[in-house]
Every structure is written in C-alpha cells, then in structure tokens.
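Enquirer: Use the sequences and the hints to build the structure in full.
One-letter residues, chain by chain:
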Amino acid sequence: MARPEAGKTAVLDAPGNASSTKKATTMANTSVIRLEQVGKVFEQKKQRFQALKQIDLTVESSEFVVIAGPSGSGKTTLLNLIGLLDQPSSGKLFFNGRDLSQCSSTELAQLRRDQIGFVFQAYNLMPVLTALENTEMVMEFRGMAADKRRAAARKTLTALGLGELMDRYPDQLSGGQQQRVAVARAVAGEPMLVIADEPTANLDSRTAESLMDLMSQLNREHGITFIFSSHDPRVISRAKRVISLCDGSIVSPVSQAVEFSHAV
Amino acid sequence: MKLERKLAMRNLLRNRQRSLLTSIMIVATVSLMILFQGLSDGGHRAMVDIGIKMGLGHVLVYQQGYNDDPSLEHLLVDAAATGQQLQQSVPELTHMVRRLHLNGLIQAGANGVPITLAGVDPGLEVQVSRIADRKSMTAGQTLAELPRERSGNGLPGIVIGEQLARNLEVGLGDRVTVSVKPKGSSDLSREAFLVTGIFKTGMQELDAFWAELDIADAQRLARLGQEVSVLALYLDDVEKVGPVAARLSSQLPAGKYEVLRWDQVAPELHSAVMLDAAGMYLLMVIVFVVVAAAILNTILISVMKRTREFGVMLALGASPALVVRVVFWEALFLALFCIALGGALGYAGHYHFATEGLNFREVFGTTLEAGGVLLPDRFFSFIYPGKLAFSLLFVLLLTLLVTIYPAIRASRLAPVEATRHG
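Sequences listed follow chains A and B, in order.
Counting from 1, position 118 in the first sequence corresponds to residue 118 in the working numbering; the numbering is continuous, with no gaps.
Counting from 1, position 388 in the second sequence corresponds to residue 1388 in the working numbering; the numbering is continuous, with no gaps.
Hint data in this document are derived by calculation from the structure and do not stem from the laboratory.
Among the hints, a few may not be true.
Below are the BS3-like pairs computed for lysine-lysine, each with C-alpha atoms no more than 25 Å apart in a straight line [unchecked claim]:
| no. | chain 1 | residue 1 | chain 2 | residue 2 |
| --- | --- | --- | --- | --- |
| 1 | B | K1183 | B | K1256 |
| 2 | B | K1305 | B | K1002 |
| 3 | B | K1006 | A | K148 |
| 4 | B | K1240 | B | K1053 |
| 5 | B | K1002 | A | K148 |
| 6 | B | K1200 | B | K1135 |
Expert: Here it is in structure tokens:
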C-alpha cells in the first residue's frame, strides 16, 4: 500500500472546519478522556465477571496511546468505555472535561458522532456504499452540507492514497485499502479522538506497518488523539505511550513505547 | 439522494433474491386483489342489474300503503301526472315505466295456476326488462313485437313463463283464460288471451308464476281506469339510487307516495350481494394477514442479517430515528414498487375481464344463482376507483405497519454487541 505523501494530509482541513493545526495547539495539555476508579462488571446467567477494576486514566489531547495486553485483559472493554459505546458499572468517566455519568444514550450518540472517530478490527464499512460515501457517512449523520462533506471526504481519501479508489465498493478493495477507508471515515470529520480496536489485526505485517505510519502521521501533523488497542509488539512499539492491561487492571500506567518494546 | 434512502434502495438491490421473493408475494397479492375485487364488484353489479331488470327498477314509486297491502285499493291514481313530474325532477332518469300487478288465476283446459299478472307498456318495458327482452323468449314474440291489430280471433296476446306453459300444457297460439278479482267487486273478472310468447329467465318464480300482458288489457280486466301499481324509475348509474330516492321522498307529497329503493323492495337480493361482498372481504383479510406475516418475516430477517451494519451506524453516532428511517424507506420502496407492478398487472387482468367478460358457464360448467337471481353466463369486471385506491393504500399501510417492529428492533441495538455480530 502506498504511503501517503506528507503534504497531502493537509487536506484534512476540511472546508468549514477549523484548522487542525490550530485545534491541535489549542487542545494541547487538555484531557480528552479521564477515568476515575472506573470498573466494569458483566453479568451473565447469574455469573459476575469483573472486566475492569478501578481504572484511573487520563489521556491528553494529541496523544498517541496504545492499550496493550493479552486477550481477555480488558482492552476492548476499556476502549468501549472510552469510545462512549458502553457505560461503566462504577467510577466516573469524563470526556473533554464533561462528566458523562448523567448523559442519556442520545447525548452519548451525539458525542460519538461529533467528537470521536472509530476504526474497527473488521473495518465495518457499509457494503452498499462506495469508499467516498463511507467516508462521508459520519459527516452526513452530523447534518453537514453535501458539498462540504463530499469535498472533505475526497480530500481525506486522496490524502490517504485512495484517490483512485473512492468510487469502489468495499468488496472491490483489499483488506488494507478497506482499513484505510475506515481510517478516512474516522478522521474526515476532524474528531477530537480516534478509537481503533486492534486496527491491524486483520492485516499483513507490511500493510499493518503502513497503517501505523498513516495514523502516526495524522497524529503528528494534525494533532488528532489516537487511542488504539493491540497485542502486537511491532504495533505497540509505534505508540508514544503504552497502557498495559492485565486482568482488568492497568499494570503499567505510563510507559514509553521504547521502554515497552525493550521489555517485550 | 439522502443517506437513508440510498442505504434502503441499495440494500434492496444487493439482496436481489430476498427482495424478489418478497416482491413476487406482494405483487401477486395486489394483482389478485384487484382482479378479485373487479370480478366481485362486477358480479354484484350484474346481480343487481339483473334483479332490477326482473320486474323491478332502481327506484320505485308506490301509492302510500301499497307495500303493506298490495291490493287494488292502493293504486297510483294520477300516474300520468306524477310520471310527468318525475321526468322533470330527476335528471338521472333514463327510463320510467308504469306497471299494474294483479293476482289472478290462469287456466287452460283442466289446468289452472295462480299467477302474478304484470300489465306493462310493451314498447317501454322491452327497453328495461329482461322478462320482456327478445333474448329471454324461447318461443313466439315479445309483447312489443305483436302487431297493433289483433289477429283474426280478436284475442289479446299474453306472454307466459316456460314452466307455466308446461304446467298448463299450452304452447304458442293456445288459448288461456285469466281470472282476477276486480276493484270493488266480489265477482271475478274473466277474459281469454292468446299465448303469443313464452319466456325463460331462469328464475323459478317468474318462469312458473308470471305472465305479462299489455297494461291496457290488464286495466280493462281489473275494471280500472288509468291506475297503476308502481312507477319504476331506471337511472343512469346504480350508485345514484340512494340520493335520488332520498330526494324524491322529500319532494313528493308526504303521506301520498312511498319511494323505495331496489334493495328495500328486494331485500333477499341485497342480502345476497352483501353476503357475497362480506365473504370477499373476509377472504381478503385472510390473504392480507398471511402476506403481512410473510412481509414481517422478510423484513425481520433482513434486519437481523444486517445487525452489524446497523450496530456500526449506531456506534458511529447515527440516531435511532435514522436507523428506523432506513428500515422504513426499504419497506416503502419495496411496497411502492410492488403496488405499482401489482396494480398494473391486476389492472391488465381487470381490463381483460371488463372488456371480454368472464364466462361463468365455461369456467364452472353451470350458471350461478344468487339471491333468487340467475346470474348471467358472462359478466364483466368492474372497479370502483375509490375502493381500489383504498385497497392499494391499505397494502401500503399494512407493509409499513409490519415494518414498525423490525425498525424499532434495529434502532435499539446495542452498538457494542451489534458490531461484534456475525
């Protein structure tokens, strides 16, 4: 997969939106996500399972964070909470300084739509929409004008090296290309935060490497906060900060990627 | 195109097989509904039309009290003036005939049968009555076809039913004697007639107990002047019967006349039509319930198979209302397409039977009787536009109604579980 040229990523400054660089500057040192003593319990057939235990975590704006840990450690559960897809059983969750404990599901949906981009392990593109339409979709949820959202989606796809493929449907794209479209969908509307749950799990190592380059570049050049999960050491090594989970608890709250990679 | 419409349309096209199967079902239902409705309503119109032509009329004007006591004491005395008044005040009128009904005895040799004698205006009656119609004649001539000058023996002509002729053991040219009780006298009035025509309607009570003669002969036999039993009005459209009857009831002097609709004079025929229509509606309801269940099943499966897609939409911030709209647009597109196609096919079928007719005798091997009326061998499909529009709208609403559950179910998916779905 071709790596996008650095200059092209500037197109993420979509028409009608504030400059990404300016946004990155103003958002600096502001907590995007803060978890205070957050726990999550699942109950099934009278069985209780504590997936997360008293998690304290703060993610600042423009961070590039990986949540690492073995399967069953609680990575996805934590990402679901951070992505406002689920609510904690205990503790408090703050998004951009706002306590979400009293938020309705509609308010949470609006926050996800306006402030968070998602990249799923299985891409999860809409099969009946083209790459361009998939990229536009979240902006259409927001009610953005058609010409503006189309222009933003085109620029984003071009920047991510998919300029020639934007009229193709997902089943006409490779796995790597689909995941790039998913990234385009996540970032085109310039969200405050992008959540990616094992985004490279279904990709070969070269494509995974390329995708990490892309996300890293978007974080570096546009100040988009990325939080992603992985258990792949090569992916983890690309993060600026690694949060290591084990049995639902953070075992290494703050660690530099290099240190983690050495440890691995 | 807006996102929800785009998603809905493309999902229908993506799942061609499923869409096609559902479409076939709805198209078949809609087209058959139109076809059956047309044939049913056409059949009912034929029943009513025949009933009306069997000595009835759309609207009937009697002297007050005649229907309770149909004797010579309750005849319309000023029929000519009343008829003239009606001609002017009823623009919907196409024909008006006067009839004199008498109860009498017809005899030939040793055979005698009590019958109803209908005195009619032959020239007018042939235009509105099936009894007086040339097609009903199995032998001889209609009253209208008889020469004005009487034959050599000077006897007036009479037309009798085929079964009556058999029972009397008479044929064309035979002499019969008719006896009636005249007005204001206990003695019988008796007169000889010549059998000039024999008819067959298929209705037992007409073919075995009915005879028609010129109204002047009937009035003379009953020793009457210009009195008649009834003025029968025929309108340009059976649907206007109600309003015209109501209007006449208020226009004609109260207490002197009685204005009745055909369905009041022949309630058994009206009941037969209503019963048949009710059976048709019941059948349609059963068909609709089956179709509704099938549509519900199809849309529900469609929604369940796309759990992950809807979950992703919700995870990305789509409102539940948008998900509901996607499912509804899908059902609406499907329903509109099927109603258009089914409507076109059904109308084509209706058009065929409206122009060519349905030959009942060919299809079922027998002629049907309903409400004492023998249906014609061939009758024609008829569609009431309002009823058709209502039925099509009903199919559309039914489709949307059964979509409510799958749509709400899709909108209430939990994004976390839904995005993990197979």
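Enquirer: Work down the list of hints and note, for each, if the structure agrees.
Expert: Hints, one by one, checked against the model:
Only pairs whose Cα atoms come within 25 Å are accepted, and B/K1183 paired with B/K1256 is accepted, the gap being roughly 20 Å. For the given pair, B/K1305 sits about 23 Å from B/K1002 by alpha-carbon distance, which is consistent with the 25 Å threshold. In summary, the hint linking B/K1006 to A/K148 is supported, as the alpha carbons are separated by about 19 Å, within the 25 Å threshold. The straight-line distance between the Cα atoms of B/K1240 and B/K1053 is roughly 17 Å, inside the 25 Å bound, and the hint therefore holds.
With a C-alpha separation of about 15 Å, the suggested pairing of B/K1002 with A/K148 holds against the 25 Å cut-off. Using a Cα cut-off of 25 Å, the hinted pair B/K1200 and B/K1135 holds, with the two alpha carbons roughly 9 Å apart.
The structure is consistent with each of the numbered hints, conforming to all of them.
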